[in-house]
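Participant: Residues per chain are reported as follows:
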Amino acid sequence: MRGRVEKARYPVFTRRALMLGGLKAALFAALGARMYYLQVIEGDQYRMLADENRINLALLAPPRGRILDRRGVPVATNRQNFRVLIVPEQTTSVEETLDRLHRIVPVSDQTRARVLRDVRRKRRFVPISVVDNLTWEEFARINVRSPDLPGIQLDVGQTRDYPLGVYLGHTVGYVGPVSEKDLKEGDGDPLLELPGFRTGRRGLERSFEGTLRGVAGNQRVEVNAFGRVIRELSRTEGRPGSDIQLTIDARLQRIATQALRPESGGAVVMDIHNGDVLAMASTPGFDPNAFNVGIGNSEWQRLLRNSRKPLTDKTIAGRYPPGSTFKMAVALAAMEANVAGAAHRVFCNGKHVLGNHTFHCWKRWGHGWMDLNDALAQSCDVYFYDIARRVGVEKIAVMAERLGLGQTLLPELPGESAGLVPNPAWKEGAIGEAWQGGETLILGIGQGYLLATPLQLATMAARLANGERAVSPRLVFRDGPDVEAPPLGLSQDALRHVRQGMDDVVNGKRGTARAHRITREGWEMAGKTGTSQVRRITRAERESGVLKNEDIEWRSRDHALFVAFAPVDKPRYALSVVVEHGGSGSAAAAPVARAIMEATLELDPATNRKERVASNPEREG
Amino acid sequence: MSMGYRDDGPDLRLGHKLLSLNWGLVLLIAITASVGFAMLYSAAGGDVQPWAIRQIIRFGGGAFLMLVIALIDIRFWMRWAYLIYVVALVLLLAVEFVGTTGMGATRWISLGFFNLQPSEVMKIALVLALARYFHGLSLEDTGRITYLLPPLALIGMPTLLVLKQPDLGTALLLAAGGSIVLFLAGVRLWKFALALGAALAAMPIAWSQLHEYQKGRIMTFLNPESDPLGAGYHIMQSKIALGSGGISGKGFLEGTQSHLNFLPEMRTDFIFTMLAEEFGMIGGLALMGLYILILIYAYAIGFRSRHQFGRLVAVGIATTFFLYIFINVGMVTGILPVVGVPLPLISYGGTAMLTLLIGFGLILSVSIHRDVEIPRSRG
Numbered sequence: 001m002r003g004r005v006e007k008a009r010y011p012v013f014t015r016r017a018l019m020l021g022g023l024k025a026a027l028f029a030a031l032g033a034r035m036y037y038l039q040v041i042e043g044d045q046y047r048m049l050a051d052e053n054r055i056n057l058a059l060l061a062p063p064r065g066r067i068l069d070r071r072g073v074p075v076a077t078n079r080q081n082f083r084v085l086i087v088p089e090q091t092t093s094v095e096e097t098l099d100r101l102h103r104i105v106p107v108s109d110q111t112r113a114r115v116l117r118d119v120r121r122k123r124r125f126v127p128i129s130v131v132d133n134l135t136w137e138e139f140a141r142i143n144v145r146s147p148d149l150p151g152i153q154l155d156v157g158q159t160r161d162y163p164l165g166v167y168l169g170h171t172v173g174y175v176g177p178v179s180e181k182d183l184k185e186g187d188g189d190p191l192l193e194l195p196g197f198r199t200g201r202r203g204l205e206r207s208f209e210g211t212l213r214g215v216a217g218n219q220r221v222e223v224n225a226f227g228r229v230i231r232e233l234s235r236t237e238g239r240p241g242s243d244i245q246l247t248i249d250a251r252l253q254r255i256a257t258q259a260l261r262p263e264s265g266g267a268v269v270m271d272i273h274n275g276d277v278l279a280m281a282s283t284p285g286f287d288p289n290a291f292n293v294g295i296g297n298s299e300w301q302r303l304l305r306n307s308r309k310p311l312t313d314k315t316i317a318g319r320y321p322p323g324s325t326f327k328m329a330v331a332l333a334a335m336e337a338n339v340a341g342a343a344h345r346v347f348c349n350g351k352h353v354l355g356n357h358t359f360h361c362w363k364r365w366g367h368g369w370m371d372l373n374d375a376l377a378q379s380c381d382v383y384f385y386d387i388a389r390r391v392g393v394e395k396i397a398v399m400a401e402r403l404g405l406g407q408t409l410l411p412e413l414p415g416e417s418a419g420l421v422p423n424p425a426w427k428e429g430a431i432g433e434a435w436q437g438g439e440t441l442i443l444g445i446g447q448g449y450l451l452a453t454p455l456q457l458a459t460m461a462a463r464l465a466n467g468e469r470a471v472s473p474r475l476v477f478r479d480g481p482d483v484e485a486p487p488l489g490l491s492q493d494a495l496r497h498v499r500q501g502m503d504d505v506v507n508g509k510r511g512t513a514r515a516h517r518i519t520r521e522g523w524e525m526a527g528k529t530g531t532s533q534v535r536r537i538t539r540a541e542r543e544s545g546v547l548k549n550e551d552i553e554w555r556s557r558d559h560a561l562f563v564a565f566a567p568v569d570k571p572r573y574a575l576s577v578v579v580e581h582g583g584s585g586s587a588a589a590a591p592v593a594r595a596i597m598e599a600t601l602e603l604d605p606a607t608n609r610k611e612r613v614a615s616n617p618e619r620e621g
Numbered sequence: 001m002s003m004g005y006r007d008d009g010p011d012l013r014l015g016h017k018l019l020s021l022n023w024g025l026v027l028l029i030a031i032t033a034s035v036g037f038a039m040l041y042s043a044a045g046g047d048v049q050p051w052a053i054r055q056i057i058r059f060g061g062g063a064f065l066m067l068v069i070a071l072i073d074i075r076f077w078m079r080w081a082y083l084i085y086v087v088a089l090v091l092l093l094a095v096e097f098v099g100t101t102g103m104g105a106t107r108w109i110s111l112g113f114f115n116l117q118p119s120e121v122m123k124i125a126l127v128l129a130l131a132r133y134f135h136g137l138s139l140e141d142t143g144r145i146t147y148l149l150p151p152l153a154l155i156g157m158p159t160l161l162v163l164k165q166p167d168l169g170t171a172l173l174l175a176a177g178g179s180i181v182l183f184l185a186g187v188r189l190w191k192f193a194l195a196l197g198a199a200l201a202a203m204p205i206a207w208s209q210l211h212e213y214q215k216g217r218i219m220t221f222l223n224p225e226s227d228p229l230g231a232g233y234h235i236m237q238s239k240i241a242l243g244s245g246g247i248s249g250k251g252f253l254e255g256t257q258s259h260l261n262f263l264p265e266m267r268t269d270f271i272f273t274m275l276a277e278e279f280g281m282i283g284g285l286a287l288m289g290l291y292i293l294i295l296i297y298a299y300a301i302g303f304r305s306r307h308q309f310g311r312l313v314a315v316g317i318a319t320t321f322f323l324y325i326f327i328n329v330g331m332v333t334g335i336l337p338v339v340g341v342p343l344p345l346i347s348y349g350g351t352a353m354l355t356l357l358i359g360f361g362l363i364l365s366v367s368i369h370r371d372v373e374i375p376r377s378r379g
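Taken in sequence, the protein lines are chains A and B. Quick note on the working numbering: the first sequence kicks off at 1 and runs consecutively. Quick note on the working numbering: the second sequence kicks off at 1 and runs consecutively.
Everything labelled a hint here was simulated from the structure, so no lab data went into it. Predicted, not measured: the structure shown is a model, and the values here were computed from it. Treat each hint with caution, since some may be false.
Heads up, simulated DSS-like pairs for lysine-lysine below, C-alpha to C-alpha not over 27 Å straight-line [unchecked claim]:
| no. | chain 1 | residue 1 | chain 2 | residue 2 |
| --- | --- | --- | --- | --- |
| 1 | A | 351 | A | 363 |
| 2 | A | 309 | A | 548 |
| 3 | B | 191 | A | 24 |
| 4 | A | 7 | B | 191 |
| 5 | A | 427 | A | 395 |
I would like the entire structure built from these sequences, with the hints used as guidance.
Facilitator: Pasting the structure below:
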């Protein structure tokens, strides 16, 4: 029986086992085919995907170019930023480590909360910034104790530093994090997407962003599935940003700022031959370093709300009626038009009547007989009402523009105002009213619609002093030969009269700024005071006696202005000073101008040849 | 052996048995396991610690057990087949009550030094029990429906218990492994067709019974690219690693995807991917060649056996072995869903290694005792 059963079962088993074997062979063949498909046919594609998996491209930020002053002193540079980071996976307790760190350097509760939040969000091997901008001493202290601080990593990064701080904040500006808007409108530079990357937000940092930024390098690194960097595969160094050199003299910039303080205002010093801006001070200012470290909202609000506008660069964005400092332009227009020469005389009785309006001289009882020289030296308003009426608004406006008013002069600085040189066409367009004859008279004493920036006033003074060329301000040295400024095209005789008038303002017996003349021989300064009204003086007030500046609130007081050049005999420098609501030009602006001019001449290489030879201070290359 | 058996065949003493042991199969198993050691050495970044050394120790212990099982008379295994099955079934039941839960499924019983996975034991026990049942059945009886009910119960009980754990992969392996024995024993093909039809009809019901993660795995299998960072991640990364290996691979210890942790579970379920990345298609096919040789040996042993029990055990266990291979490689190459079946003899892990070596021990025992005569109904 066993044999019979076996005879029946064995063939069935064999047949079925072979069938099963055949099926297995087919399935093995299917697996082999699948491997062939994946590894041979699709192999290249998977190899590419594999590399995409493991290779990360990391950008290397290039060092930002420096900003140097005319002598090569850095005014914006990169400094080492000592930072403390924490790597969560290297410590058993982040909180414990932070507690220990707190015993060495203060870790605020706010910082602590931020770190603990980041620890939860990020992968455990990603270093998280705890505190930065540590002093070297703090950094060293942490370094010594690092064995007791598990997970703490010390790092030296790069951050922007502005050695001049508040003294050049407006001009240099600052850098800040890339905004959403920049990213959207961006130039496509991948650096903008780099976390923590900073671009110029204000001033030269902003306008020279392209020069200063440099070109990103990159680094190909192998990462694992968790994003941890395993090794570097290749590295391409970027190109560091280029330095830019300013015409500013950091020493003079500091002196000019200090001379303006504590008043609110602006001062610009220019070389009358090449237009170099040696100083452009605006007070009060702000410290760009504060923005770099990260300015708090309350601090920012404080800057914004301050009525003296510390965030505004008053040298280029402050618009002031130039007042009597404009009288040179009126005089030149009149002489050029041959309506009133230097010998033209006007009797000042304190007022000038036009139609049913009366225009007053600052000197209530009048100056008596005045010629041009007297009128400039004593700043007689009636004289200029007269010649302004004779020459007309159009010619005055043209002269103002030839002297540098009503236009932007430093395109490389963001935020510059063009000021305003009014004429009938402008008034028609902007206000929709016809030009009134009286407005020409007001223009004649630099009041009314006329607005100028300190930079424009310094340019005007420089052009008057130069006489030959319409020099324009220059702030940044550029490669290539200097371009000579276009000719000014004014009569030398007329200019001589105007300059003589300015000489007498300071050095004449009755000059309005005589009290603030420079007495050192060869340094004598010529200038012109200006006191521009901010408020309208009513008839009632005039009759009861014009209120003194000291008796009214700050924002209603007159602006004090002064424009000057020196030395009188062989001019080299021109300057302008505006003291906002400072009172009279002679009392508030002239002493500031004298201090700055003396410093300018003191620092002039020609004054101290020894220094010039010793340090060869001018720019290299 | 002096265990008091009635000797129906040639006298087999220990020395003879050792001589007649199928050393070729033992050598193939050892070579295959060594490939596994090498891959575990690579997975540790070129270090025998922590995985390769432990796998070697386990294999050493398992191989010793395999040889002991091989030397024990096949009739012993046949006599105790049902009891072994019952013990395995009780262990499966015990998992329900004292099992250790991991990854949403209860599969292990912790024995302190060792985590026992009863479903693994059942894979062997089921084949043994079914082989014994059909050994005692004539072909005519095999054709009768009533005689088909006990083996269906033998398959059904553990399958349902494993499904409940839940472990879909192992349940399918058990059902398939058991059905194969029925097929080999000569159960009519139309009955399989009927069962398959019933299974297909039951699928909507079964689908509703599946756990979310099981449904997710099946959906992911159907469209892995739909969710590359979620459930499809394993399959995508496995295909990338495997595909990037190309024909000749990236070289031993040079597999970037596996070493950079893009490849999940590279020591266990996805170890084949790592091998195929480092040794390419050539390496993958070579390993499959080894497997095919082992299968051919097992088949030859089955064909050579003079008793139905030995034949069913040899080819039945060999088929379970094959199912492991096919499901695992099919899974890592993305033609089957991810069901968590290890690559036999290669994947890191104790239980699967032990189960397989016990299985091979039985096949070797069949080989040694191929000429033993076993009566159909035991007296």
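Participant: Hint by hint, say whether it matches the structure.
Facilitator: Verification of the supplied hints:
| no. | hint | verdict |
| --- | --- | --- |
| 1 | A/351 to A/363 | 9 Å, holds |
| 2 | A/309 to A/548 | 25 Å, holds |
| 3 | B/191 to A/24 | 21 Å, holds |
| 4 | A/7 to B/191 | 23 Å, holds |
| 5 | A/427 to A/395 | 16 Å, holds |
Going down the numbered hints, you'll see the structure goes against none, and every one checks out.
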